[in-house]
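K.L.:
Here is how the chains run, residue by residue.
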Amino acid sequence: MNFETIREAADTLQYLLGGLQWTAAKIREAADTLQYLLGGLQWTAALMVCSMLLALPIGLLLAAARLSRHRLLRLPCAAYIETLRGVPLLVTLLFVVYGLPSAAPGWKLNDFWLTVAAFAACYGAYLAETFRAGIESVDDGQSEAARALGLNSTQTMAYVILPQAARNVLPALVNDAVALLKDTSLASVVAIPEITQLARREVALTYDVFYVYSLLGCVYLCLTLCLSYIARILEKRGFRAESARLHSRSA
Amino acid sequence: MKKGGFALNPLVSIRGLHKSFGSLKVLKDVSLEVYPGEKAVIIGPSGSGKSTLLRCVNWLERPDSGEVAIDGKVLNEKTTDINKVRAEVGMVFQRFNLFPHRTALENVALAPRLALKHPREEAERKARRLLKQVGLEEKADAYPSQLSGGQQQRVAIARALAMDPKVMLFDEVTSALDPELVYEVLEAMKRLADEGMTMLIVTHEVRFGEEVGDRLIFMDDGQIVEQGNPRELLRDPKHERTQAFLKRVLW
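Which chain is which? The protein sequence lines are A and B, in order. The opening position of the first sequence corresponds to residue 1 in the working numbering, with each subsequent residue numbered one higher. The opening position of the second sequence corresponds to residue 1001 in the working numbering, with each subsequent residue numbered one higher.
Treat the hints as calculated values from the structure; they're not laboratory data. Please read these numbers as outputs of a predicted model, since none were measured by experiment. A few of these clues could be false.
[What the hints assert, rightly or not] So the derived label-pair ranges between C-beta atoms look like this:
{"no.": "1", "chain 1": "A", "residue 1": "34", "chain 2": "B", "residue 2": "1121", "range": "58 to 64 Å"}
{"no.": "2", "chain 1": "A", "residue 1": "102", "chain 2": "B", "residue 2": "1120", "range": "25 to 31 Å"}
{"no.": "3", "chain 1": "A", "residue 1": "136", "chain 2": "B", "residue 2": "1079", "range": "29 to 35 Å"}
{"no.": "4", "chain 1": "A", "residue 1": "94", "chain 2": "B", "residue 2": "1079", "range": "49 to 55 Å"}
[What the hints assert, rightly or not] To give a feel for the contact side, a few chain A residues facing chain B, derived at Cβ under 8 Å:
{"no.": "5", "residue": "9"}
{"no.": "6", "residue": "144"}
{"no.": "7", "residue": "145"}
{"no.": "8", "residue": "148"}
{"no.": "9", "residue": "149"}
{"no.": "10", "residue": "150"}
{"no.": "11", "residue": "152"}
{"no.": "12", "residue": "155"}
{"no.": "13", "residue": "159"}
{"no.": "14", "residue": "163"}
{"no.": "15", "residue": "164"}
In this text, a Cβ means the ideal position worked out from N, Cα and C, and glycines have one as well.
Put together the whole structure using the sequences plus the hints.
P.N.:
In structure tokens form, the structure reads like this:
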């Protein structure tokens, strides 16, 4: 044991600790970036929730109208649905957020709500098709039996068709919600400060493209996985309630 | 033979019915009257239009021309409330068409609650009584998927009876059943016939028609070919199409 060996060891340790410092700095940087991105989470969530809440009733009404016997209801709704489904969401978004205000210069329109309107308009059309598929999945004999018993068309819908359609529709509805969540990233194009927009700002400052965007991807992945997980719990709970109902009644 | 014994006004009155599906003429000028308490049984090869005729009676199918009246109320007239008329006409389907998301009891009690505005308790008490009548008292809380075909069809009969119909329509109600389950459904119908219910029955069970029917009606190619007392018609069919059909089903 001599001083040389000890000094060598100390040098090595110092060198290694230098690397640790670098790692710590990197982790701090990542935490900072993540914190910065998560600052936009409220906007992403607001876009998603507001658009979905608006799109659900729009979709339901459109689906009902599209299945209606009256051509004056059916045809315009079918045209609307096919148009919004046929045009890219990004184009609809640009049209609504930039096109509409330019056509009505006097109006003060809020960019966030215009974006929500564009998403809701589009997803209303998507959901309409989901709902329609759900309603059509219920056997014709069900509405015939209800009508033959003297129920009117509203009662038939509310008590016989929709409860059965809801069960068939839930998984597809979750898919649409996940798709909407991912599509809110398009709002970055119209300068809503949601997470993708913030990521782009960060990239513009740091040029750290690979690193920021992979972090952003992870954030979206976490969000969509959470959404699917919640949906699965809901589905299971609905199923359990059903079987509990079965047991309590047959007991 | 019994016709003179029935009250003068027919309960079901069908005059000059025509119906086409596309280029296919399903009903060609069909007229038929069913009197209170009468059991009219319609037989004939598949595609002869007998089911369509039955479905015109409660307006599940709208004829192209001709008139249908139930207890004097003409269904063709715009002022007739079709839901009220349907409430007075019970129908049992080939494929049961029970509501799968509701228990047997709820299946029976639903229409009186919704269409007749009966309070829940009253509707359920009556539903239990009707389920007992078809021998399914202990299955009140079972869901349709937990019942055999024969049990489901008996629930369907109870469901139709819950509306206190003036006339019952039976559309090949044993055709979708396993052979060993046919008997219990026919028994339930026979009991109903003994209680004096007016019945219009479309069936392949010619022997059952002979036993229960006051009148046997033979349909072929969208027309009533021949009708009369069941025993006489089976023993001595006048028309050669009737002869050919009976030879095929009564081997």
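K.L.:
Run through the hints listed earlier and report the numbers of any the structure violates, in increasing order.
P.N.:
Violated hints (numbers, rising): 2, 5; every other hint is consistent with the structure.
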